[in-house]
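Number of protein chains: 2
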Amino acid sequence: MDNQIGNLHNAVSMRDARQTSTLAAQCDVRTLIDRFERFSGEDRAFAFRLLSKDRALMVFEGLDPALRSDLVKSLRHEEIAEHFEQMDPDDRVALIDELPAKVASRLLSGLSPEERALTARVAGYPLRSVGRRMSPEPVLLTEFMTADEALAQVRRHLEAETVYTLPVLDGQRGLVGVTSLRRVLASESSQTMSDVMDEPIFARAEEDAELVARRCADQGLLAMPIVDSEKRLVGILTIDDAHTILEEAESEDQARASASEPLRRPYLSTPVTSLVRSRIVWLLALALGATLTVQVLDSFEDTLEQMVVLALFVPLLIGTGGNTGNQAATTVTRALALGDAHPQDVGRIAIREAAVGVLLGFILGGLGCLLAGMVFEWRIGLVIGLTLLCICTLAATVGGLMPLAAKAIGADPAVFSNPFITTFVDAAGLVIYFLIAAAVFGL
Amino acid sequence: MDNQIGNLHNAVSMRDARQTSTLAAQCDVRTLIDRFERFSGEDRAFAFRLLSKDRALMVFEGLDPALRSDLVKSLRHEEIAEHFEQMDPDDRVALIDELPAKVASRLLSGLSPEERALTARVAGYPLRSVGRRMSPEPVLLTEFMTADEALAQVRRHLEAETVYTLPVLDGQRGLVGVTSLRRVLASESSQTMSDVMDEPIFARAEEDAELVARRCADQGLLAMPIVDSEKRLVGILTIDDAHTILEEAESEDQARASASEPLRRPYLSTPVTSLVRSRIVWLLALALGATLTVQVLDSFEDTLEQMVVLALFVPLLIGTGGNTGNQAATTVTRALALGDAHPQDVGRIAIREAAVGVLLGFILGGLGCLLAGMVFEWRIGLVIGLTLLCICTLAATVGGLMPLAAKAIGADPAVFSNPFITTFVDAAGLVIYFLIAAAVFGL
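Chains as they are written, first to last, in the UniProt record's numbering: chain A, 1 to 443; chain B, 1 to 443.
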């Protein structure tokens, strides 16, 4: 298999059309998509033209949106128009967002009127809203349908994105309940939907896609009906789309927590310059923050000159502070994301993290005091021990509260947390350190 | 609503049984579970006894496994035996794992023989394997069943964990295909399953639960059949169980990446001492690693004494190195988790990250050189600039390769990465810094 993939790669880069099309036909679709994501832009367009119609559509739909748009740009209009017509409206909108306006409007004008209307509806919702990610054509049941009629309705719409979760509507398209194909099958044939439906768990189309996706997944739903402001059904979010949204959100959170911008395409197909761009702004901001530590140390330069030994512990002390702060921030950020803690728990969180910080500080400070006292002298030990105690308490408390502060001002908790905490704790920790040293040594 | 929750909390802590049961009956189940996760152990047991039978089961199943086991320990055998019988075999096994052996065997002995057999089968698979998390009773179709017979079979088993993904078996329970209720409904009534099934996408029961769950979710499946070593069907993993597994795995990765052990229960119900325990071992290990920086600085003490100004930049330099390393490590770890990159891409990753590091180093180093040169003197600027260039290159390369190294030795990439990189980059960065300083100043 590995060998086959290597061969495919060779065939593509040699522009050997016959060999490429033979090998591509032998790969399974997942492997093929994986391979396509690693090709250069030109290789991708070359290989794509050689795929059979079915495979081309599957590969096209499986590609990362950013790569899909690259592909569209490098193919001729006719080569892509048909695939575009076949896509789901939500995928189509994602693609349009990536394309230059001219290419997008040309593709849109080639659609059938119904498909164009569906696409426009999805595109009308705000960016990052669930309206953008839903499927706009669920199977519709009404409350007075019998189980037999409902089953017939399902059979007429078997091509819908999902036929397992079934929204139930009143005469004005208002959502009154949700049932499932399972329950329809379990019902007596003459029972009406109003008897076999549950209170609907739904979301409004303007709501944040990530929050809705998490709600859908956490409640173990296969799909969640999406309504407008008057509770009329406008679409449905399926669990696989919810999973994609959550995975994107996790990638974004993780990138932000490590102080870089999320990548817009798979790692290996992201150009090096884009990687640099995703990281440099954050590094500059953090380095700017870190000049604070230079100023702090500068203002204690006299103390340092008298006792160079103090400089030896600087990396260890600020490193420990940073680690303690990150632990607290990550724990609280995760608890917020999972709904295990809420912003109104701020008091409890502060108390818990302060307590954890004090305990950690006693353990680390005690050990640090002993070791530094033994290796250097007892007063050094005392300074190190006390500093660790203060830094750990400060770092855990600040680390625990920072994600809440971010959330309070409407920012993503992950953005704000770890690197900022580190920078703050570094500077504050140094001040504490030199003040304690000055007190102990009477400088 | 918030008020009602506050009232419930009061009623419980006052041990007001009538008020508690009235208020609990008014809450929706999700809120109730959320509330129960925040109660103290005694409050939880008190409130649980006052729930109606239906609600008690729903709350019990919705609780975090660790809290469920706390609850079992504080209730009498009869109070819990019935709920235990109602649970799915996989949930039952998760609970048993948390319970003391005596309590567990007492509960197990109360089960009906069939339920006990199912539980034993699930419990027989290795920890962390998907066999532990699957539902052991899928709806079974055989390849010669007609669509009508298949539909009848589904109707007979509507209580199964899923009826939408349907494994198709041969005469020896061997998995030969997978179909869906949708396709069964779309078939002519006399078509056999062998005509409407696809090649099965399946997993073996011994496989790692996280990997299987990701496969299931990434491929957009609603459920994945699980087979034994001879490809006989033993169960099915549903997407909602897959989601739970992935969420646990994310929590674990995030905890590890910030150098703490994952928590076994929701944040606010984790005792402070457990929080301390989840963090202290890592902090000690990292502090021990950081003593390396003390030694490095100690060995350059003469240089430091001659030029205390060098000490001022230590936090900024190692901070920037740590940030650069973390960015690279997080990006590569995420790419590995999503399957966007594989261990065999080690060469490409190393080249990309080295290139990114050099570019970042030029930008940051250039700026650092200018600024430090202006504020201090040009030779200081030169030292800072060169050091930043070297540190960024080193940090990005090491950061990018570390997750691969972790994976190569079979460790979780997240465990190994960020804090270890920081410690390593700190020490190596200091050596580089003082060597460059010595060269420039001819010390």
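Hints listed in this document are in silico derivations from the structure and should not be mistaken for laboratory results. Backbone N, C-alpha and C define an ideal beta-carbon position, used for all residues, glycine too. A few of these clues could be false.
Output of the computed footprint for chain B on chain A, the stretches with three or more beta carbons under 8 Å from beta carbons of chain B [said to hold, decoys possible]:
#	region
1	10-21
2	80-93
3	182-192
4	241-252
5	290-300
6	431-441
We went through each hint and held it up to the structure:
Coverage of the region 10-21 of chain A by chain B is violated [criterion: at least 3 residues with CB-CB distance below 8 Å; count 0]. Restraint check on the region 80-93 of chain A versus chain B: 0 residues with Cβ-Cβ distances below 8 Å, three needed, restraint violated. Using a Cβ-Cβ cut-off of 8 Å, 3 residues of the region 182-192 of chain A lie near chain B, which meets the minimum of three, so the contact claim holds. Judged by the Cβ-Cβ criterion of 8 Å, the region 241-252 of chain A is covered by chain B as claimed, because 4 of its residues qualify and three suffice.
With 6 residues having a Cβ less than 8 Å from any Cβ of chain B, the region 290-300 of chain A passes the three-residue criterion, so the hint holds. Remark: the region 431-441 of chain A is not confirmed as covered by chain B, as 0 of its residues place a Cβ nearer than 8 Å to a Cβ of that chain, below the required three.
In terms of the numbered hints stated before, the structure departs from hints 1, 2, 6, listed from lowest to highest.
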